[in-house]
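J.: Sequence:
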Amino acid sequence: MVRNPVRKNKLRSTLIVIIFATLPCYLLGMIVLWIGNSVINQQNITPTVTMTATFDPWGVIPTATLPPIPTSPTIQTATPTITLTPTATITYVIPSNTPTLSPTPSATATITETPTTTATETTVVIDTAVTP
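Count the sequence shown with our numbering and you get residues 217 to 348, in order.
Derived from the structure by calculation, the hints contain no laboratory data.
Nothing here was measured: the structure is a model prediction, and the numbers come from that model.
Please note that a few of the clues may not be correct.
[Stated by the list, open to error] Using C-beta positions, here's what the derived DEER-type ranges look like:
no.: 1; residue 1: M246; residue 2: V222; range: 32 to 38 Å
no.: 2; residue 1: V248; residue 2: T301; range: 29 to 35 Å
no.: 3; residue 1: I247; residue 2: T301; range: 35 to 41 Å
no.: 4; residue 1: L300; residue 2: G252; range: 43 to 49 Å
Note that beta-carbon positions come from the ideal geometry of N, C-alpha and C, so glycine has one too.
Work out the full structure: start from the sequences and follow the hints.
T.: Structure, rendered in structure tokens:
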């Protein structure tokens, strides 16, 4: 959040300028859409009335016939049909330094000798001096 009032006013004025600068682009886009839709709607087919007289050799009165009137206009589009063809995809795995879990060798039990007590021979000298 901007705490300095000068910076806050500068930021506000910058955003307002950006908004007003983009308004003509939006208006131009709406005008293009409006004109584009009106051009498409003008492609109406109007039926033409033609009279045809047929002469009947047997004395019947000729009648006028009208061609069939289309009920909806046919609008041809110039958009080609796009068909997707399968393509080969290449999968690339980016190497990373992320450690992964992998089986590690475990410690095996080893047999160690335990120290045993052994008897050792010691000589003890006892003073046997005779006192007079």
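J.: Give a verdict on every hint.
T.: To see whether the hints hold, each was checked on the structure:
| no. | hint | result |
| --- | --- | --- |
| 1 | M246 - V222: 32 to 38 Å | holds (37 Å) |
| 2 | V248 - T301: 29 to 35 Å | holds (33 Å) |
| 3 | I247 - T301: 35 to 41 Å | holds (38 Å) |
| 4 | L300 - G252: 43 to 49 Å | violated (27 Å) |
Hint check: a violation occurs at hint 4 only; the rest are consistent with the structure.
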